[in-house]
Amino acid sequence: MSSQVAAYWYVFLKGVGITLWISWLALILGGAVGLVIGLLRIAPWAAVRWAAIVYIEVFRSVPPLVLFFGCFYGLSYAMKLDLSPFSAATIALTLTASALMAEVVRAGIESVTRGQWEAALSQGMTYPQVFRYVVWPQAIRVMLPPSVGVYISTLKDSSLASIIGYVELTKSGLLVRESTGISFEVLLIIAILYFVINYSISLVGAALERRFKYVH
Amino acid sequence: MYEFALAGLLPYTGPLPRAIVLTLWLSTLSILLSVAVGVLGALCRTSTSLVLRWIGGAYVEVLRNIPLLVVIYLIFFGLAQVGLRVDGFNSALIALTLNAGAYMTEIFRGGLIAIPRGQYEAARSQGMTAFQLYRYVVFPQVFRIIYAPLGNLMIGIVIGSSLASVIGVEEVTTWMRRAGDETFRYMESFLAVGVIYVVLAQTINIGRIVTGRWLLSRAPIGHRR
Chain A
1 MSSQVAAYWY VFLKGVGITL WISWLALILG GAVGLVIGLL RIAPWAAVRW AAIVYIEVFR
61 SVPPLVLFFG CFYGLSYAMK LDLSPFSAAT IALTLTASAL MAEVVRAGIE SVTRGQWEAA
121 LSQGMTYPQV FRYVVWPQAI RVMLPPSVGV YISTLKDSSL ASIIGYVELT KSGLLVREST
181 GISFEVLLII AILYFVINYS ISLVGAALER RFKYVH
Chain B
1001 MYEFALAGLL PYTGPLPRAI VLTLWLSTLS ILLSVAVGVL GALCRTSTSL VLRWIGGAYV
1061 EVLRNIPLLV VIYLIFFGLA QVGLRVDGFN SALIALTLNA GAYMTEIFRG GLIAIPRGQY
1121 EAARSQGMTA FQLYRYVVFP QVFRIIYAPL GNLMIGIVIG SSLASVIGVE EVTTWMRRAG
1181 DETFRYMESF LAVGVIYVVL AQTINIGRIV TGRWLLSRAP IGHRR
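Taken in sequence, the protein lines are chains A and B. Residue 1 is where the first sequence starts when you use my numbering, and the numbers rise one by one after that. Residue 1001 is where the second sequence starts when you use my numbering, and the numbers rise one by one after that.
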């Protein structure tokens, strides 16, 4: 590594921190929204189910980059909101992550068989009790490994925040590239940093999967 | 109060058909190329050679863990510095293909390892040629396993093609940015382009569902639900 690029180590480090922070925030928010949408997706009323399907399909079909623009410029102009790049990026990432999480939640809850619902209800448990003590503990095990996948996907999508001027890891790299004039090396460092972060997360995911595999 | 006026975009609809065609062309090319990469990658990953398995595995892990945007920048800006000039469209095509190829590899590998070895031996012992074995025994079963994730990945490729806009390829997302910049009708151009992407992605999605129904209707009796 040339010393010219190495002098900017703190910019890279800060970029890593910000990328981790915004993707984590989007995962938590997306998880909360996704939980609600996922539950609506399996609601007993067809109209509600369809609304949830439309939500999931729309935010799965529209590219995150287009969502970033819609949130940053579209919402700012239309609603006179004057969103910061950070808020716009968080909203866009949350929308994408929530559509993915909704499917994870649905798969998790549907993995618990109908018979268990019936058995628990026949024991005199109420619906919230069945959900809390019978369905949820099993569903969360099914949901954990794919949630790690959603986190990695969200972390990668967060690189798009660089387009609207939010200084996360990718934008940090582009700034260093501009001030040093060195492209290949800087971008390679960025790629390696992303790889190290995501690969570590996927190793944690694989460990979780192994751990929960034999529980059933 | 903001007045929603889709008509404000009308003067800019001229280049839109071309932009849509370019998005479709870029997506179609990288779907076809990444299928080739994926088949090759899956053969590496399931090969008996340790070196090939390792190369296949490393390729998948590296490309799956780096954002597509960074791969595009590496090819477009990075290679230019090393002396290799690749234009915007080809940079996007190479990056998309490398990225999707890693996912394709995993999809095809999943299909291949689901076929028990005994079936290969049984088919060969019946005097089938290698071509017949793959055409009549392996492929029909693999296709049943991979069509669903394949459909999802195709949607992912169409979505990923939007990133070509950052290096100046005049596809749909570039049109959205330009129309927004010139009219300040960002919300309208966002919604218009959002609808275009939803239509493209859902066309693939419906194709996937129809394929699933068709496969189910042709399934051997025991496999019908």
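These are computed hints drawn from the structure, not numbers from a lab. Do not take every clue at face value.
Stated by the list, open to error - Covered stretches of chain B, as calculated for chain A (at least 3 residues, CB under 8 angstroms): (1) 1049-1056; (2) 1074-1085; (3) 1122-1135; (4) 1162-1169.
What the hints assert, rightly or not - Straight-line distance between alpha carbons at most 25 angstroms, and here's what the computed SDA-like set of lysine to any residue pairs gives: (5) K14(A) <-> L1009(B); (6) K80(A) <-> F1077(B); (7) K80(A) <-> R1178(B); (8) K80(A) <-> V1062(B); (9) K14(A) <-> S3(A); (10) K14(A) <-> F1004(B); (11) K80(A) <-> E1182(B); (12) K80(A) <-> L1009(B); (13) K14(A) <-> T1183(B); (14) K14(A) <-> Y199(A); (15) K80(A) <-> F1004(B); (16) K80(A) <-> R1177(B); (17) K14(A) <-> L1006(B); (18) K80(A) <-> R1064(B); (19) K80(A) <-> G1008(B); (20) K80(A) <-> L1191(B); (21) K14(A) <-> V134(A); (22) K80(A) <-> T1183(B); (23) K80(A) <-> I163(A).
All residues carry an ideal CB built from backbone N, CA and C; glycine is no exception.
Hint-by-hint comparison with the structure:
1. 1049-1056: violated (count 0)
2. 1074-1085: holds (count 7)
3. 1122-1135: Coverage by chain A is violated here, the residue count being 0 at a Cβ distance below 8 angstroms.
4. 1162-1169: holds (count 4)
5. K14(A) <-> L1009(B): violated, 40 angstroms
6. K80(A) <-> F1077(B): Violated: K80(A) and F1077(B) sit about 36 angstroms apart, past 25 angstroms.
7. K80(A) <-> R1178(B): Holds. K80(A) to R1178(B) sits at ~21 angstroms (cutoff 25 angstroms).
8. K80(A) <-> V1062(B): violated, 42 angstroms
9. K14(A) <-> S3(A): Holds - the C-alpha atoms of S3(A) and K14(A) are around 18 angstroms apart, at most 25 angstroms.
10. K14(A) <-> F1004(B): Distance of about 40 angstroms is beyond 25 angstroms: violated.
11. K80(A) <-> E1182(B): The given pair, whose Cα atoms are some 18 angstroms apart, holds under the 25 angstroms limit.
12. K80(A) <-> L1009(B): Distance of about 20 angstroms is within 25 angstroms: holds.
13. K14(A) <-> T1183(B): Answer violated: K14(A) to T1183(B) is near 36 angstroms, above 25 angstroms.
14. K14(A) <-> Y199(A): holds, 19 angstroms
15. K80(A) <-> F1004(B): Holds, at roughly 13 angstroms.
16. K80(A) <-> R1177(B): The given pair, whose Cα atoms are some 19 angstroms apart, holds under the 25 angstroms limit.
17. K14(A) <-> L1006(B): Given that 25 angstroms is the threshold and the Cα spacing comes to 41 angstroms, the pair is violated.
18. K80(A) <-> R1064(B): Distance ~38 angstroms between K80(A) and R1064(B) Cα, so the pair is violated.
19. K80(A) <-> G1008(B): holds, 19 angstroms
20. K80(A) <-> L1191(B): holds, 17 angstroms
21. K14(A) <-> V134(A): Given that 25 angstroms is the threshold and the Cα spacing comes to 43 angstroms, the pair is violated.
22. K80(A) <-> T1183(B): Measuring from Cα to Cα gives roughly 16 angstroms; hence the hint holds.
23. K80(A) <-> I163(A): Roughly 21 angstroms between the alpha carbons, so the hint for K80(A) and I163(A) holds.
Figure legend: structure checked against the earlier numbered hints; hints not met, in rising order: 1, 3, 5, 6, 8, 10, 13, 17, 18, 21.
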